[in-house]
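Trainee: Take a look at the letters that make up each chain.
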Amino acid sequence: MLKRDALLEVRIENIPARFVTSAEEQLKKYAAELLAEANLPCEGIEACGTYKRLVLYISGVPSKTEERTQKAYGPAARLLRDAAGNFTPQAAGFARARGTTPDKLGVETVPNKGEVLVFESKVPGRPAVKALAELFPKAVARLQFPKNMVWEASRFRFARPIRSLLALYGDKPVAFSVAGVKSGRVTVGLSAKGSRPLKIASAEKYFKALEHANVIVKDADRLEALRREIERLSKRMKLEVEADPELLSENLYLVEYPVCVVDGYSQDFLKLPPELVHLVMKKQLKFFTVANAAGTLQPYFVGIRDGVSKGQRNVEEGFKNVLEARFRDAIFFYTRDLAVPLSDFKDKLGAVTFQAKLGTMADKTARVEKLAAWLCGNCGAAVNKEEVAAAAAHVYSDLTTNLVREFTELQGVMGYYYAKNSGMSERASRAVGEFYWPVSAKSPLPSSKEGALVSLAGKLDTLASDFALGLIPSGSEDPHGLRRQALGLVRIILENGLTINLKEAVSAAFAGLPPAAASRAVEPLLDFIWQRAEAVFTEAGYRFDEAKAVRDFFLAGGDLLDCRDRVRDINALRGNPDFAGIAMAFKRAKNILRQAKLPLSGTPDENSFKQDEERALYGGIKALSGRLAAHVAGRDYAKGLSELLSIKSSLDNFFEKVMVMAEDPKVRDNRLNLIKSLVNLFEGIADLSQLQ
Amino acid sequence: MNFQDIISKLNQYWARQGCAVIQPYDLEKGAGTFNPATFFGSLTSKPNSVAYVEPCRRPGDGRFGQNPNRLGKYYQYQVVIKPPLADIQQVYLNSLKAVGIDHAEHDIRWIEDDWESPTLGASGVGWEVWLDGMEVTQFTYFQQMASYELNPISVEITYGLERLAMFVQKKKRIYDIMWTDRLTYGEVHKGIEEQFSHYNFEEADVENLRFNFDHWEKEVRGLAAKGYYLPAFDLVMKCSQNFNLLDARGAISVSERAVLIKRIRDIAKACASAYVEINEPSEKKEKTNA
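Line by line, the protein sequences give chains A and B.
Quick note on numbering: our numbering labels position 269 of the first sequence as 269, and the sequence is numbered without any gaps.
Quick note on numbering: our numbering labels position 43 of the second sequence as 735, and the sequence is numbered without any gaps.
Excised from the complex, chain A in its bound form (with noise of 0.2 Å):
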């Protein structure tokens, strides 16, 4: 059977780039469904699009669906015939209902019915043409976008406005129609070129016609144009033009024939902190910036205009003179900030609120000002108090700032520059720059200790001010990002080996909230930044339930750098054979206990003991107890848990040979102190009874 293709365009109002990505990877789902259903086979779906074309292309479709065999299930079986073997009535009503006589009707088993009556039929195939006019509306009504509107009497829901339906198979027309828009052969080319009418002949010709209207709709053609020119200009240019992934992307679905548009700007501009020229250039513009081999910003840029370059002229202008004005108004603010010391910016912060109940910005200032000088002094770090205290005194001075008013996204960046220009060490000034970071959960932590301990400050109180609040992230509700707060805090602290009891440092944070903010909640914070750092344990390799045998001395001490350790030390020891056995009767120690529920002292009368293997075992136990103890206060729990090691073939033989519930009470008691000794000896170092 001769085959052609199947196309689709939805052609609709601007729709932006997480539209257009979102909505090809849905068509080319429900398209394979659809089709499924509808026994048209196909070589392959495709899907691609720019800002107002969303395409489907099915390539290889057959002029005809599939014939299949349908089944229409009737009465029970023993109603086909009566006693006489003639057909019942009704046996003969279902046969007519289904347009057949009795004698054609089968028998099938079918589940929770038993016997029962059916009627095979076969369904001929159908014109692809009418299969496809009723699976691409259905394909099209099912797109979901992250924001839907109406806009005719319909009331279709969709991205923006349809405004025109191409639909053809091979060099048929596929006839259907949505909101109030009917299908036909024609389209329209280059917005810049006034949107000609575009008759397709054919669904393979598709492409190709769109080409010649210099629109090219394949997402990875016009990502590859895109790059190309980039490229081609870096080379020209002898610098870098700095190929955003990002600003990519979003150009992309901006153009449907993207041209590279270069000009330079004033020098001057490249006084402002970098930081602010790309924002100004990526976030407002939609620029490219420009740098040399060093990486540092040139003052050149390159926009991207949708369509060939006639007026290529005017669109330098028009482009250059936008980016000089948003230049000029951040050159403005930054100027006069810098004329303003930064403890007028401090001043201020005194009419921000932060939180009802939380206070005023300043409030919360002085809370971390305050974090950060406990943490100087109970971090197991020697630090620079004075930088600490310089930085933290300043860490939110910026959000009052006319620059930070203005560009909110570099609030902590610029706090870096307004430190630096008041006479702010180099190192505090960076504390107060890196206050925020990491800002992502790969992204770097503070330069410095003194940087570490401001940020962590900052995140212990935001922490406890939200958990104080009852604003305890749930399931996907996370609106103030705590999970990656308690996550940034969690590398600070391990990468940094820092020794902080974060059970008083909790509890410290919360002391220092306003009274109206009431609840305390320090176990529940403790067991939130517990689940961050065993995502950050399992991430560096170490076992879900390695973590889990630390956690009770986490949420006692507090101290993670140590948890962290006893997680590696366990982990390193993992692969020896001997462990297992070891944890293993751990674990079955540790059962006998629970069964046994009495007081136990864990000091067995070793008088009483009545079998050698008793003997030998609490022998063991006792000459190892010293020396664990000393490496446990070591922390040198890699020699701790290979000295347990050294008990496994006592151990064995005592839970072979000795019956721990003997008839004698006494007996009993004092097999279990004996268990109980050896449970106290491992549980200084983990709970081994959770690897499983």
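Since the hints were derived computationally from the structure, they do not count as laboratory data.
These numbers come from a predicted model, not from an experiment.
Check before you lean on any hint, since a few could be wrong.
[Said to hold, decoys possible] Below, in silico cross-link-like pairs of lysine-lysine (DSS-like), each with a Cα-Cα straight-line distance of 30 Å or less:
(1) Lys863/B / Lys282/A
(2) Lys910/B / Lys882/B
(3) Lys862/B / Lys193/A
(4) Lys320/A / Lys738/B
(5) Lys738/B / Lys147/A
Guided by the hints, dock chain B onto chain A, whose structure is given.
Mentor: This is chain B only, laid out in the frame that chain A set:
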């Protein structure tokens, strides 16, 4: 093309598209959407096509005539069409041609920007239109007005006339725009910017603004209840302007801000409800929880 010619060309163009070219509404307002022709015009099923210039006041944006790009009072050119034409984007692009901007010679891009007005309980879906990178128009399909789901939908096209003129005349400062071939925008407007900036930021009597707000708010309720939605809505505009002035005077805290916005939204809704009840009593309009 000078400033007044641009306005004439737009008037002629939109008149040809079937719009009634009406005059600005004679009260202070922050945006052309407040004009009753748009506010009430979008609410019922009756077709509506209007175009008008609307002077807008944004007290907080005043810069004492010092900033080349910001004004406390400026002009919008507003087009509202219900139901929207199927080729409305192209019709809009052709309007740019009418003021001398040929799309083939320039870059025009539509940047996602879903407009909303919390004070009017209004929201829509649409774009900023960038002309060679400069935002010259806000293009919106209204979805809600005064918390009513709209049916049919209106499209609102709002040109920033100064931006458009700067573009057409290649000026870098608003004040350099040629109003006529001899008179500049600065000559017409700079004094207004200077004086009103002082008023908006320094002089406006806060107590009086608050008093009037409270008083008018009560009056709106009474008027709307009697079905006098037109004078009632005038007072909503006045409340909104007072709010903007209080804001510029720095007299509103963050929490109070949300409260005041809701109060304006509520009285705007009272006017809308009266209007709908009187003009379309049979229509069961869906109210949403906005």
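Trainee: The structure should be examined with respect to each hint, and the outcome stated for every one.
Mentor: Going through the hints against the structure:
no., hint, in the structure
1, Lys863/B / Lys282/A, "holds, 25 Å"
2, Lys910/B / Lys882/B, "violated, 37 Å"
3, Lys862/B / Lys193/A, "holds, 23 Å"
4, Lys320/A / Lys738/B, "violated, 45 Å"
5, Lys738/B / Lys147/A, "holds, 27 Å"
When each numbered hint is compared with the structure, violations occur for hints 2 and 4.
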